[in-house]
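Build out the structure end to end from the sequences listed, making use of the hints.
Take any residue in the sequence shown, note its place counting from 1, add 43, and you have its number in our numbering.
Please note that the accuracy of each hint is not assured.
[Said to hold, decoys possible] Listed next, the in silico BS3-like pairs over lysine-lysine satisfying Cα-Cα at most 27 Å (straight line):
1) Lys59 / Lys46
2) Lys106 / Lys93
3) Lys93 / Lys103
[Claimed, not checked] Simulated DEER-style distance windows between Cβ atoms:
4) Ala58 / Phe83: 15 to 21 Å
5) Gly50 / Gly102: 25 to 31 Å
6) Val73 / Lys98: 37 to 43 Å
7) Ser111 / Gly50: 35 to 41 Å
8) Ile115 / Leu61: 22 to 28 Å
9) Phe83 / Tyr110: 17 to 23 Å
10) Phe83 / Asp53: 33 to 39 Å
11) Val86 / Lys46: 23 to 29 Å
12) Ala100 / Gln51: 34 to 40 Å
13) Val94 / Gly123: 29 to 35 Å
Derived by calculation from the structure, the hints in this document are not laboratory data. Bear in mind that the values here come from a model prediction, so they are computed numbers and not experimental data. Every residue, glycine too, gets a C-beta built ideally from N, C-alpha and C.
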Amino acid sequence: ELKVALGQQDLAAVAKELADLLYVVYGTAVSCGIDLEPVFREVHRSNMSKVGGHKRADGKWVKPPGYSPARIQPILAAQGDSVTDGVSQSGRS
Numbered sequence: 044e045l046k047v048a049l050g051q052q053d054l055a056a057v058a059k060e061l062a063d064l065l066y067v068v069y070g071t072a073v074s075c076g077i078d079l080e081p082v083f084r085e086v087h088r089s090n091m092s093k094v095g096g097h098k099r100a101d102g103k104w105v106k107p108p109g110y111s112p113a114r115i116q117p118i119l120a121a122q123g124d125s126v127t128d129g130v131s132q133s134g135r136s
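Take a look at the structure:
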């Protein structure tokens, strides 16, 4: 549906479909017991540390010296047992 909205250049429909995607993403996080906000902040921090990289001749982007990968495990560990319990329960019907 997002693809259709983009193709039709219908900004309101694009916004609605993007919100639907967020609904699914956040709902999945909740069902897994994950507070997604600190995870998103860490991924954002990591992505911003990629600024200043360069593209090789073969087209691969090379990360700059200051790049640091997202450190998700400590965030999940700080959220406690609900994360593990949520993941194991999310796959059950």
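Against the structure, the hints:
1. Lys59 / Lys46: 12 Å, holds
2. Lys106 / Lys93: Judged against 27 Å, a Cα distance of about 6 Å means the pair holds.
3. Lys93 / Lys103: 13 Å, holds
4. Ala58 / Phe83: 15 to 21 Å: 19 Å, holds
5. Gly50 / Gly102: 25 to 31 Å: 27 Å, holds
6. Val73 / Lys98: 37 to 43 Å: With a Cβ separation near 38 Å, valine 73 and lysine 98 satisfy 37 to 43 Å, so the hint holds.
7. Ser111 / Gly50: 35 to 41 Å: Given a distance of about 38 Å, which is inside 35 to 41 Å, the answer is holds.
8. Ile115 / Leu61: 22 to 28 Å: With Cβ atoms ~23 Å apart, the hint holds.
9. Phe83 / Tyr110: 17 to 23 Å: 18 Å, holds
10. Phe83 / Asp53: 33 to 39 Å: 27 Å, violated
11. Val86 / Lys46: 23 to 29 Å: Distance hint for valine 86, lysine 46 holds at roughly 24 Å.
12. Ala100 / Gln51: 34 to 40 Å: 39 Å, holds
13. Val94 / Gly123: 29 to 35 Å: 33 Å, holds
The structure is inconsistent with hint 10 alone, although it conforms to all the rest.
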